[in-house]
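**Q** Chains A and Y are the protein sequences, given in the same order.
For what it's worth, the numbering used here labels the leading residue of the first sequence as 281, then goes sequentially.
For what it's worth, the numbering used here labels the leading residue of the second sequence as 28, then goes sequentially.
The set of hints was computed from the structure by calculation and includes no laboratory data.
Any given hint could turn out to be false.
What the hints assert, rightly or not - Chain Y regions said to be covered by chain A (calculated; three or more residues, Cβ under 8 Å):
(1) 66 to 74
(2) 152 to 166
(3) 310 to 318
Stated by the list, open to error - Distance condition first, Cα-Cα at most 20 Å in a straight line; then the derived SDA-like pairs of lysine to any residue:
(4) A:529 <-> A:380
(5) A:322 <-> Y:154
(6) A:439 <-> Y:75
(7) A:439 <-> Y:303
(8) A:439 <-> Y:65
(9) A:439 <-> Y:72
(10) A:311 <-> Y:230
(11) A:499 <-> A:457
(12) A:311 <-> Y:72
(13) A:439 <-> Y:76
(14) A:311 <-> Y:232
The beta carbon of each residue, even a glycine, is placed where N, CA and C say it ideally should be.
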Amino acid sequence: MTATSDLTSTRRWLGTSRRKVFGASQRPVWKEQPNAFYQLVKAVLLGGFALAIIVPLLVVVSTSLASDQDVIDAGGYVLWPKHPTFHAYELLFSGGLVGRAILVSLFVTVVGTALALFTTITLAYATSRPVVFGRPVLLLVLFTLLFAPGIIPMFLMVKQLGLLDSLWSLILPGALSAFNFVVMRAFFMNVPQELIESARIDGASDFTILWRIVMPLSKAVIAVVGLFYAVGFWNAFFNALLYINDTAKWPLQLILRTYVLQGSSLSADQLGVDPPPQTQSLQMAVVVLALIPIAMVYPFIQRHFAKGVITGAVKG
Amino acid sequence: MRLRRQTPAAAVPTRTLSFGTRVRRDWQMLVMMLPGVLFLLLFFYIPILGNVVAFQDFQPFLGISQSAFVGMENFVSLYDDPLFWAALTNTLKLAAVQLLLFFPVPLILALAVDSLVSNRLRRMFQTVVYLPHFLSWVLVIALFQQSLGGAGFVNNLLRDWGFGEVPFMTNPDTFPLLATAQLVWKDAGWAMIIFLAALASVDVALYEAAAADGAGRWRRMWHITLPALRTVIVLLLILRIGDILSVGFEQFILQRDSVGPGAAEVLDTFTYYSGVVGGDWSSGAAAGLAKGVVGALLLWGANSVAHRLGEPGIFQKREAA
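Use the sequences and the hints to build the structure in full.
**A** Take a look at the structure:
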């Protein structure tokens, strides 16, 4: 039985249905009828887990949108803003530290992802073909999965390269991840050899083949790996803590730690506004700003996850 | 030689081409490998060599080439350092609690999700629980603090109801539980993916046959579902064991201030604080190196145990790839 037919039959007995028939007709005959007790246990387990994820996110978003009066009335946190306002966001975007941190994070994410995709795609493609040095290079990459150089040697290397306090220190060390490489390479291995050979007979160079034939076929995996990289760069906190001292070059994650976790308050000065703002919704607004880009790309790429992760996990 | 020339070019096996010919033929591919290889050298292999500072009395202004070699002295002083042992104990304790309490959760979730009849519900649940994996640790801990912290909304509710405050976030004694809860919140849903995929590929005929033989739902789970998942479970366990010494670095460095180093100091944070912050580069590097070597050994050990038990483990798969 092939994987696809397995999946369809699995879906069938699980009761896949757009017709909203959840009853006995969808269940395989040999399956027991639903049992109230087990159903309750399952509902509590899954529902509780989902709620534990949704509620904190909802509270944070609501509080960031609530008016100062709402926040005071509710004693700090709002489940649903009665008088929604973008006041907190206006303050954050009126200039100063947070606005700059967002630009830094965006820059690092965009440039880093582009560079990392470039490095990963070229290396993965070259090692996916029987090529001189292909095998030893592959082993070089896979070895990195086993061992990490350690914090101090990395720091000394970045320092040696003169990258301390430069945004490149956040970008370059992340320009290749062995995990993403493995996912990408596994996908390239499945591109039919005939396709590549016929292109070569037509006189295409290796660069052309990669750019015009292999990459268009691999859009899904490029999207997923790109998302993994982008999330990594956007979330990178420790590299910034290590390599960046200058507050003007702080990415958003460091702002989050300093002003939300450690509770220092953003001074009027750092925001470029006069009256000291109400901190609670302001803090929550910073949290939401760190959240937004991820929440935005997430739905588009979500359906490709399973495939990418499984290739990576099984072969990695 | 003459004979070989008479065979058509395409039929010549690649291996008979001379090295020079192959390099000339594949030069474009070699160019493609260049950025990646350069990266590996700069940010992996040269830093590995940089671990020599663990055997030196490293002085930043002298550099690696000028600093004096001291052999194993740094490791000896680590051995005598109670702080190092505290960090090691914490690491092992946190790793053990996380292994014990985190590892089964994705499996249980996957089994529950897999038995859902409604596909709509399945998809909705998966969409929700995958999300936290993509949030940074800073964000996750900020969310936990806003929820469970002293001024967080759970404590607000508890105070309103007259229960008083519960110091979820700052109690060093319960910190391993808190850390595990954070890990479950962030990654349990994500870890579920692999189990779900394995479940989807189990042959339904097996269940049908078992049911025909009179096996109830628990018997089917025990004799069909769990054996089908065995390989995956072993694989994930091995990976986890290899990771034991690097339990959530960012997670602990972020909470070290609020819980105190007594509970949240792990090997990685020890390395960071003694090396980068404290300026004792050599002993930091020694701790880091010891950690890396032990981690790799653990991974290798767990994998060979898996081989003994007749499981594929991780390395064999890789050769097949």
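**Q** Against each hint, give a clear statement of whether it holds in the structure.
**A** Checked hints:
1. Remark: the region 66 to 74 of chain Y is confirmed as covered by chain A, as 8 of its residues place a Cβ nearer than 8 Å to a Cβ of that chain, reaching the required three.
2. Here's how the region 152 to 166 of chain Y fares: 13 of its residues keep a CB closer than 8 Å to some CB of chain A, so the rule of at least three is met and the hint holds.
3. Here the region 310 to 318 of chain Y counts 5 residues with a CB under 8 Å from a CB of chain A, which clears the bar of 3, and the coverage holds.
4. For the given pair, residue 529 of chain A sits about 8 Å from residue 380 of chain A by alpha-carbon distance, which is consistent with the 20 Å threshold.
5. Between residue 322 of chain A and residue 154 of chain Y, the direct Cα distance comes to roughly 17 Å. Compliance with the 20 Å bound is thereby established for this hinted pair.
6. A threshold of 20 Å between alpha carbons decides the hint, and for residue 439 of chain A with residue 75 of chain Y the separation of about 15 Å falls inside it, so the pair holds.
7. Note on residue 439 of chain A and residue 303 of chain Y: the hinted pairing holds, with a Cα-Cα distance of about 12 Å set against a maximum of 20 Å.
8. Pair hint residue 439 of chain A plus residue 65 of chain Y holds up; C-alpha atoms about 18 Å apart against a cutoff of 20 Å.
9. With a C-alpha separation of about 16 Å, the suggested pair residue 439 of chain A and residue 72 of chain Y falls inside the 20 Å cut-off, and the hint holds.
10. Under the criterion of a C-alpha separation no larger than 20 Å, the hint pairing residue 311 of chain A with residue 230 of chain Y is consistent with the structure, at around 15 Å.
11. As the CA atoms of residue 499 of chain A and residue 457 of chain A are separated by approximately 19 Å, the hinted pair is consistent with the 20 Å bound.
12. For the hint pairing residue 311 of chain A with residue 72 of chain Y, the CA-to-CA distance comes to about 56 Å; that exceeds 20 Å, so the pair is violated.
13. Only pairs whose Cα atoms come within 20 Å are accepted, and residue 439 of chain A paired with residue 76 of chain Y is accepted, the gap being roughly 15 Å.
14. In summary, the hint linking residue 311 of chain A to residue 232 of chain Y is supported, as the alpha carbons are separated by about 12 Å, within the 20 Å threshold.
Going down the numbered hints, you'll see the structure goes against just number 12.
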